[in-house]
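Place chain B on chain A using the hints.
There are 2 protein chains.
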Amino acid sequence: MTSVNIKDLYKVENKEVSLNGWVYNLRSIGKIWFMILRDGTGLLQCVVVKKEVEPDVFQLESSLTQESSVTVFGIVRKEPRAPGGYELGVTSIRVHQIAKEYPISPKEHGTDFLMNHRHLWLRSKKQHAIIRIRHQVVKASRDFFDQHGFTLVDSPILTANAVEGTTDLFELGYFDRSAFLTQSGQLYQEAGAMAFGKVYCFGPTFRAEKSKTRRHLTEFWMIEPEMAYCNLDQDMDWAEKYVSYVVKWCLEHCKTELETLERDTSTLEKVIPPFPRITYDDAVDILRKNGVDFQYGGDF
Amino acid sequence: MTSVNIKDLYKVENKEVSLNGWVYNLRSIGKIWFMILRDGTGLLQCVVVKKEVEPDVFQLESSLTQESSVTVFGIVRKEPRAPGGYELGVTSIRVHQIAKEYPISPKEHGTDFLMNHRHLWLRSKKQHAIIRIRHQVVKASRDFFDQHGFTLVDSPILTANAVEGTTDLFELGYFDRSAFLTQSGQLYQEAGAMAFGKVYCFGPTFRAEKSKTRRHLTEFWMIEPEMAYCNLDQDMDWAEKYVSYVVKWCLEHCKTELETLERDTSTLEKVIPPFPRITYDDAVDILRKNGVDFQYGGDF
Numbered sequence: 001m002t003s004v005n006i007k008d009l010y011k012v013e014n015k016e017v018s019l020n021g022w023v024y025n026l027r028s029i030g031k032i033w034f035m036i037l038r039d040g041t042g043l044l045q046c047v048v049v050k051k052e053v054e055p056d057v058f059q060l061e062s063s064l065t066q067e068s069s070v071t072v073f074g075i076v077r078k079e080p081r082a083p084g085g086y087e088l089g090v091t092s093i094r095v096h097q098i099a100k101e102y103p104i105s106p107k108e109h110g111t112d113f114l115m116n117h118r119h120l121w122l123r124s125k126k127q128h129a130i131i132r133i134r135h136q137v138v139k140a141s142r143d144f145f146d147q148h149g150f151t152l153v154d155s156p157i158l159t160a161n162a163v164e165g166t167t168d169l170f171e172l173g174y175f176d177r178s179a180f181l182t183q184s185g186q187l188y189q190e191a192g193a194m195a196f197g198k199v200y201c202f203g204p205t206f207r208a209e210k211s212k213t214r215r216h217l218t219e220f221w222m223i224e225p226e227m228a229y230c231n232l233d234q235d236m237d238w239a240e241k242y243v244s245y246v247v248k249w250c251l252e253h254c255k256t257e258l259e260t261l262e263r264d265t266s267t268l269e270k271v272i273p274p275f276p277r278i279t280y281d282d283a284v285d286i287l288r289k290n291g292v293d294f295q296y297g298g299d300f
Numbered sequence: 301m302t303s304v305n306i307k308d309l310y311k312v313e314n315k316e317v318s319l320n321g322w323v324y325n326l327r328s329i330g331k332i333w334f335m336i337l338r339d340g341t342g343l344l345q346c347v348v349v350k351k352e353v354e355p356d357v358f359q360l361e362s363s364l365t366q367e368s369s370v371t372v373f374g375i376v377r378k379e380p381r382a383p384g385g386y387e388l389g390v391t392s393i394r395v396h397q398i399a400k401e402y403p404i405s406p407k408e409h410g411t412d413f414l415m416n417h418r419h420l421w422l423r424s425k426k427q428h429a430i431i432r433i434r435h436q437v438v439k440a441s442r443d444f445f446d447q448h449g450f451t452l453v454d455s456p457i458l459t460a461n462a463v464e465g466t467t468d469l470f471e472l473g474y475f476d477r478s479a480f481l482t483q484s485g486q487l488y489q490e491a492g493a494m495a496f497g498k499v500y501c502f503g504p505t506f507r508a509e510k511s512k513t514r515r516h517l518t519e520f521w522m523i524e525p526e527m528a529y530c531n532l533d534q535d536m537d538w539a540e541k542y543v544s545y546v547v548k549w550c551l552e553h554c555k556t557e558l559e560t561l562e563r564d565t566s567t568l569e570k571v572i573p574p575f576p577r578i579t580y581d582d583a584v585d586i587l588r589k590n591g592v593d594f595q596y597g598g599d600f
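These protein sequence lines are chains A and B, in that order. Counting with our numbering, you get residues 1 to 300 for the letters of the first sequence. Counting with our numbering, you get residues 301 to 600 for the letters of the second sequence.
Bound-form chain A, shown alone (with noise of 0.2 Å):
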């Protein structure tokens, strides 16, 4: 028997298959029960009717919770009402774990908990889109600097030099010496950049900055392009370029993930090149005119 993904069934419907997955929803309506089963690739509705299988299948109802690891067997059917389009005629089951209470519950939690459960929230909804959304926007990010001849040089995470000045590294003991942690690959993409032309790198990235505020990561990825004979304007190009490149791939192929999140998307629909250009003085007049107290020549 084909052993298939949720998101494979399609190509096996009315077939008997098998589906290795977790529980995630248990409804009962007699002689009937219905399992949602999760398998990290979709969900599907799986049937088991009492005079389908066999007695000890059908009492799985009573013990079976939400996250038990089980193996499902049964036929695809197509079935428009059901999400993804299918559902399972089960003909048996195998329990591999019965699990303990999932802890997370579609009640609102705090921070603090959530994160404290970070191992099982990711199995939720709307965090398994956040990190598929992710995914694909490193994908896109590498996929477009490939496509356009940028070389990837990785840059070393342990360094002997700060980028931006020495107060917010990490520091840590390196054997007989002392070294940090980068915060920015920066300097060897310049040296690489006129070894290659084109480069970039896309690794971790850390600040020890003291503010601890839900806009101050201390751990983070960030991708870094240097390209040798390139002049503002044409930065701003490829800036563009890969900004509306990552944006337009992402609403193509995280449409479910963005819908999961309620996000309206007609706004990063407008992300299409060219963008608005302003000159600094432009953008220091419209601070200035706004009551920011600005020292021209700064950074913004």
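These are calculated hints, taken from the structure and not from any lab test. You may find that some hints are simply not true.
Stated by the list, open to error - Which bits of chain A does chain B cover? Going by a derived footprint, with three or more residues having C-beta under 8 Å, they are:
id	region
1	136 to 144
2	147 to 153
3	197 to 205
4	215 to 225
C-beta: ideal position from N, C-alpha, C; glycine also.
Structure of chain B alone, referenced to chain A:
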């Protein structure tokens, strides 16, 4: 006038173009001199004929040095004897900077010397080839897992726990406590596999091993896939498919680079599944027959 890269010259045969790059080599035969231009995408022979350029351009032959940065203008001509199949009939040269003596010559240098000039060493043919192959190995690895339904779940670098014992960890101050640099994303991937079925991470990993040999790295990139519901045979299937995909990709996309490194590719061409498989017991027997004092039950 179009600005082009050396690798795209075939698109602009007989056209007048400009190229940005660095002087790789100079050679004179009196009323003609040749400059090999390097732009990161390839090498191009540029032909400077006394009667075809202004006198100050012709005289550049005496002031240009290796790795000086220039923009070269000229007509692209087919030339089967030239590297890359094209040469440039130079009409003009703009010098951006005359480089000081390039310290790396074809003679043998010590590792210390080369590592201290790593930013310049990167410009040489072999280092180029190594970085480009590394790029394609990374790309092929990510493509393989992306194409087979693995979700990218990057594991954090800063961790509170040790995966494989605490003696080899780099420790750092993390605000009012301490943290470690990760040795493996495995624990996070195991949680991820239960959420997504198949996951991978691919990032830097750290080992504070005392042995500083060529075979002991303190920092390296590691790809770590994890699958739920996968038995040992299926795991080996994935490993075979992955390794052979990466090798095949590199054979197809790094032909020139493998030639530069003078690799005998016949060994790589043999990397085709299925690979021979032996049991743990057979492997132990082989070791012992070869005089290795191996403790049954240990790791290989």
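Results for each hint:
no. : hint       : result
1   : 136 to 144 : holds (count 3)
2   : 147 to 153 : holds (count 4)
3   : 197 to 205 : holds (count 4)
4   : 215 to 225 : holds (count 3)
Consistency note: the structure conflicts with none of the earlier hints.
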